[in-house]
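Colleague: Please arrange chains B and C on chain A, whose structure you already have, making use of the hints.
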Amino acid sequence: MAKILAVTIIVIAIASAVPIVMHIWPLPQDISLHGHLIDEQYTDTMWEAGISFLASQILLAIFIWKYSKPAPNAGIKRFPGGAAALVIAAFVLVGTEVLALGVFGAKAWGQAYFTPPSADALPVQVQAGQFAFYFRYPGPDGNFGPIHPNLISEANANFYGLDTTNDQDSKDDIVTAEMAIPVNREIHLLMHSKDLGHSFYVPELRVHQDFVPGLDLSIHFTATKIGKYEIVCTQLCGLGHYNMKAYLEVKSQADYDAWLKQQAALQ
Amino acid sequence: MKNRYHFGAVLSAIVLLCCGALILGQKVNAAGEGSITGTVKLDGPAPHMKGIDMSKDPYCVKQHANSPAHLETWVVGSGGGVADAVLYLDGWSGDAKTETSVPVFDQKDCMYTPHVLALDTTQEFKVITSDQTAHNIHPLPNPMINVGWNQSQPPGAPPVTKAWKNPEVIPVQCNIHPWMHGWFVVVKGPYAVTDDSGHYTIKNVPPGSYTVKAWHEPDETQTQKVTVAAGGSATADFTFKAK
Amino acid sequence: MHDMSAHAVHHGAPTSFIRKHIFSLDHKVIGKQYYALALVAVIVGMVLSWLMRLHLGFANFAIPGLHLLSKNGAPGDIMTPEYYLQLMTMHGTIMVFFVLTTAPFAAFGNFFLPIQTGAEDMPFPHFNMMSFWVTFTGFVILMASFFVSDGPTLGGWTQYAPLSAVGAVSGPGQGTGVVLWAFSIAFFCVGQLFGSLNFITTTLDMRCKGMSLMRLPLSAWAWFITSIMGLTAFAVLMPAVILLILDHIAGTSFFVASNLVINDSLLPHSGGSTLLWQHLFWFFGHPEVYIAIIPGMGIVSHILITNMRRPMLSHRVLIYSMGALAVLSYMVYGHHMFVSGMNPISSLAFSFPTLIITIPSTIVVLIWLGSLYGSKLRINSASLFALGFISMFISGGISGFFLAQPSIDILLHATYFVVGHFHLVMAVAAIFGIFGGTYFWFPKMTGRMMNESLGQLHFWLTFVGAYCIFMPFHYLGIAGNVRRYQAFVDDYLIPLIPVHKFITVAALATGAVQLIFIYNLIYSRFWGAPAPDNPWQGTSLEWSTATPPPHNNFGDKMPVVYHDPYQYSVEGASSDFIMQTSPEPVHSADEEK
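Sequences listed follow chains A, B and C, in order. Just so you know, we're using the working numbering here: the first sequence kicks off at 6 and counts up by one. Just so you know, we're using the working numbering here: the second sequence kicks off at 175 and counts up by one. Just so you know, we're using the working numbering here: the third sequence kicks off at 905 and counts up by one.
This is chain A alone, in the form it adopts within the complex (with noise of 0.2 Å):
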């Protein structure tokens, strides 16, 4: 029965990892200029996890295997070095590992995190709301006209509760359901939520944050092949987070110039 035990455990640790050394279900595709840090840093913990899964689960099996028919009259026998050489080496071995892990994870969440946004980025605002996302581009005057929550209807389609006749900063803001960008350029993302609390998750862009209500949050990336991706809402948001999404479409700067201007046509 034990050998039977230790075999199981051998088999689901090898079958757990083929399907990640095969690739099966890969990462998405990395489409931002940051994510090749994130991509490292997960191979590597990817390499360091399995080989400590992978070895953990086969030492426990052989150790099934080995020790669960005793001789009848034999006495029990000591890990070589007891407990004391086993603390040494988790805090040695693990220590070395997490530490390393944390330190070099610092930087591709630095790279994310702690530069500034360039002076030439282009400002997009995102906003969330139950159970969809608006984006506003600023037109023509580069800036963003204030936000009246009281004005804010859906149903007359002021998602962003501009009052274009008084705000001069608002009359020329173009607000659109999907978010095109220009490929290559980088984006600051400034986000903020109109309800609930939400989040901006692209996969391929490796990109998550979350909406805070109450709180305007800004990220920053750029991406760097053209396509049609989806945005997703990762926040438990209500009945209808599972279907709260819109269309990233990353286009050639003359695409995204024309797209721009047929949007400003129809505000």
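Check before you lean on any hint, since a few could be wrong.
DSSO-like mimics (lysine-lysine), calculated; alpha carbons at most 30 Å apart, straight line [stated by the list, open to error]:
#1 K266/A x K230/A
#2 K336/B x K975/C
#3 K256/A x K224/B
#4 K1405/C x K250/A
#5 K339/B x K377/B
#6 K250/A x K236/B
#7 K236/B x K230/A
#8 K233/A x K224/B
#9 K176/A x K224/B
#10 K236/B x K266/A
#11 K233/A x K336/B
#12 K975/C x K282/B
#13 K282/B x K233/A
Hints were generated in silico from the structure; no laboratory data involved.
Modeller: Chains B and C in isolation, oriented as in the chain A frame:
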């Protein structure tokens, strides 16, 4: 034992009599009822109705591939007639429930059909979905007046049957498709909603003097006094101005 | 000291049915009541998970009769999106609170902590009784929310504000449902505070003669550490849920910011903080994970030692490691909030303790493995589940490497990777601990043996089944599959639906296997073979008393302890184990100092 049967028989008789009286009473009323008719028009050019970007849900985009969707705040016919205005009698004190049909509020092509649903108090109505995408129907009444609800209808879901207890203008919205917006206009007594050319007819109006009230979204109302003769028809036309 | 305390709690054996079985002051009856509550709760929670999995694997699958449970939630027997979320929330709440906290901690702890410390009962038996009945009330309130007009809350067991705090306008169940949920949790907190207080004082004040703290078995140590965590963690959650209730019924705005708009209307709240809830919740929530798993570690160590016929390589190192886990668990809670909008520097600061917590976890696993080395391992249902626990704990724990790092969390946060991680390391591992504990202690608790063949069959099917369910979750997460979705409508998620089908089938099958356990439990309770006093040749105090133990645990004579708890395979001894109460001298060679 005997007494009990006796009691039952008397009770049945009373119930039957009451029902009979009710039916007879209605017939008597119907004989003299008149109607109010008219047109609701818009003064000035039809305002521009903004297009709706449905790109969030590819199903909705597909449904509107050939007929771009736009807001339905002002739906103005060729002669300036305004659709979706609701006409009803102010201060109605007649029967508690004059309308007994069960109107349908459909979620079709990621829009509400009709955009405005007028209802008598306690009149039942059905919310159905014709779409292959999930909607949630979320009317937002004043909680002091009516009890709201919020319920999803995934594709193929059975109809939801509801009614409103008290008169109120209730906005209704789908949060999954935030542009989907409509109105339940709950009134007491007979009502009518204008058609695409702005015409309406309020039927089943007993003879007498009334104040006709015309409502158009979001909260504009106008009134006019009319007198309905037995079996006759009165006219009341209204003209709204777009803000 | 022990003498005085023992007198302080002395209460005679009750005679009436009600005082004996319902409002009992006896810690053993209360322990069994907790076990029964956990059993009912786990069945409800498991059925909920079946319904969810059916819906996820086979969209629009009509579940016959579901409309009877909720007319609005399942018209035509097909689950609506909100009903899925409501069932999910209830599944999480029931499992975390009423199963994973009550069974390994409150149920087994209540029954065995006083016996293992050599106490006659807990020091505050009335508090102990209230602890159960308050918890039970919490469960009834939670169940009641299934039957209110728009159903239970859909906000997830984490109940993030402002979704949880703004009322019915944010979704079905977010009005009355949330209030009931919050009251239920508040009651639960009170129950656990009473319980923790009793556990701590039992351990500190009620030990019998000769029972030093270091002579306590590892299971007793685990419950002791857990009760200290319970006292501090639930003391934070309770005020948090009270503030949440106030936001609902008193018009306050603790968790709701200004200027929020739903359905085109401005909410009447202002000035609250969204992140405040998350900080309060996770300050409880992360220790809670360890409240669920540390008793499992203690129980598994206890079972393994008995079945390896040797003490652990080091008794003290295991205790210190569990203590370190407990302390660190308060310092790592921010790893739930890496992308929450908290200052990114905090994310980094929380990531290091999170990584460091792998060190005590690794030490625990290595001590287990090192003790297996050269042991005389017996295979039975209890030891199989204990070994399964280790395997699950390793598998689930190692994915923590990923989630401890904020940069990788960008990829994996709120995906099924997290679901796989916590189900393996907390849920399945803890449940394996419960199963192990049940097979191990059932004879002592009921006086009858469980059926061994059925027990082993139960293990094999559950072990393989649990891996089939929870390993694929990791793959889904890596591919970016977001959790808490009732259907997968995003283009990039559609190719993953076959994996969900596989998981669903595995979950239904593994769930059905649990009927074997329930059958075994009920059958053995009434018709099992009578159990001897010490069926596993154990050494700790629970094996030195009668089976089942008398009302005051040890009969006329209070025990006296002469040894460290695990004197197995002692050289020169008359048998391969020496009971703690045996005055036989031991020339301790194996005990680590």
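Colleague: Which hints, by number, does the structure contradict?
Modeller: Number 11 only.
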